[in-house]
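Chemist: What follows is each chain in one-letter form.
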Amino acid sequence: MKELAPVFAVVIAMAAVPLLGVSNVTLNFLVVALIAALAGQGWNVLGGYGGQYSFGHAAFFGTGAYVTAVLQVRYGVNAWIAFALGIGGGALVGAVVGGLTFRSGLRGSYFALVTLAFAEVLRISASVAPITGGGVGTLVKLDLHVVALQFQSRAVFYWMILALVAVALIVTRLIERSRFGVWLIAVRENEDAAMALGVNTTAVKLAAMVISGAITAAAGCFYVQYFLFIDSGLAYGTWISIEALLTPIIGGVGTVFGPLLGALVVRGLGEGARMVTGGEAPGLDLVVYGCVLVLIIWFAPRGLIGAFTQLRSRVMGSAGIVETSRG
Amino acid sequence: MAEPVLAIERVSRRFGGLLAVNDVSLAARDGSITALIGPNGAGKTTLFALISGFLKPNSGTIRYHGADVTNEPPHRMARYGIARTFQIAQPFAGLTVHENILVGAHLRHPARRAAIAAAEQVGHELGLGARLDRPANTLTVAERKRLELAKALATQPTLLLLDEVLAGLNPSEIRDIVPVIRALCRRGITIVMIEHVMQAVMRLAEHVFVLAEGRIIAEGSPAQIAADPGVVEAYLGRGAAEKLGGARAN
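Chains as they are written, first to last, in my numbering: chain W, 1 to 327; chain S, 328 to 577.
Excised from the complex, chain W in its bound form (with noise of 0.2 Å):
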């Protein structure tokens, strides 16, 4: 249990805050920056590990959002067991584009444009579908009580999304350390030599892909409980498609903590972007966000983890920037 010692750390920091007496304001950022965190996360399995860039996790995130809703409003479903039932879904959605992309060996760019169109194929559809509530979307009633999983209290909200990004950074944190993880990173690297040295790439990345499907359909599925609300636009928009690549990208591809630090500082940036406007200028927060991407890939390509681990590399005067195997 060595090796997950630093996921606890800082879990177990987190979770000290509402503690600390802040305010409704500030909990309700966490939260919202703990969604994309958790996105990202699942992106970052798949992304990070695995190599294959996505652009359509909102796939994931809107089906985990709608099958929780809806089964509850529509069906009379338990909200804990529909927002199982929607991390299932996820997963599902995430074993059938894998299967249909990944068996007919679609890699790199095309991967990340059909990914892509399979999120606007459900946005769409979702949009006239009469189930999701069509243009309208659906509410999910109000029904302050556990087993409802709703909750008074804005820090309980906090605790179950933290609870839920705990949860995605021990499970990559075990993939890291797992046969698995090195096959997975193994295809990252370089998929021919991969598959010679008896690695089943497809097997392996649509393995990764059921598992970051589930856990941004989680994300989903939090969202609906904490907004009561969904519709196409909020479930399958571009906008968490890039959430979820983004934060990853600008805190660490491919290591535990980079969607977590990487939700952190962009949303923390548009926080204080909007702060600083007061209001006056709306989407300035989406300016500061191109203008992160930009600085990041420009003078830190392996993220803000990567770049604090190159330079701490360099102080100690050793060569290596990857972590090593050895634990």
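Because the hints were derived from the structure by calculation, they are not lab data. Where a beta carbon is used, it is the ideal one built from N, C-alpha and C, also for glycine. Please note: incorrect hints may appear among the correct ones.
[What the hints assert, rightly or not] Rough simulated footprint, nothing fancy, chain S against chain W, three-plus residues with beta-carbon under 8 Å: (1) 176-182; (2) 198-206.
[Unchecked claim] DEER-style ranges, computed between Cβ atoms: (3) W:R314 - S:D350: 55 to 65 Å; (4) S:C512 - W:A84: 48 to 58 Å; (5) W:S125 - S:G393: 52 to 62 Å; (6) W:L174 - S:R461: 19 to 29 Å.
Guided by the hints, dock chain S onto chain W, whose structure is given.
Modeler: Positioned in the frame of chain W, the structure of chain S alone reads:
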């Protein structure tokens, strides 16, 4: 005679109008070193890709220990015990040497600890002990070739396909690596090697197949091949053997 480890029977592969491998049959005896030589574009690497499952033949059969493995995918070939190296070394560039070998070691060792130990041992065996923690993209050409070998070896193959592991090495580096290959053979690994460095072929190979324009034009011991006028012509052009006045090609 015992079943050959590898038996290729009348295999052909076509790319559009080009018949890259044309009705090729060859066999590699258990525990032997077989060399595959021939001019550039003869189809040697294509033949390796067919054996290792990266390409599917249009016709013919590939047998491994007697079993038909003709249309199996590469990862399953590796599981059966067929490992290949690439002509242009294909390291996992962003990973360390140790992590590179670990990918191969995991094939037979699911547990991380065992795989790490096995990878380390293979690394030492191939003289990469001092380089284990270096990123693979900082290695010299000779070290990359060794890494290529180490990765393949970590999968514990019984048949090793070496695609020009000596190309690009200087004479002293070749002298260093030839005993390594011979030691692998002594451990019971059957080796089929594509090689242009004739001096090494002569020293290592038991049996040589010559491929030209997709077809086997000669086979035999290294000495027989060197004396074959057909082989000389394949390399130097029609009539070359005659013009050389029977001089030995070496």
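Chemist: It remains to establish, for every hint, whether it holds in the given structure.
Modeler: Right, here's what the structure says about each hint:
no.	hint	verdict
1	176-182	holds (count 4)
2	198-206	holds (count 4)
3	W:R314 - S:D350: 55 to 65 Å	58 Å, holds
4	S:C512 - W:A84: 48 to 58 Å	56 Å, holds
5	W:S125 - S:G393: 52 to 62 Å	53 Å, holds
6	W:L174 - S:R461: 19 to 29 Å	27 Å, holds
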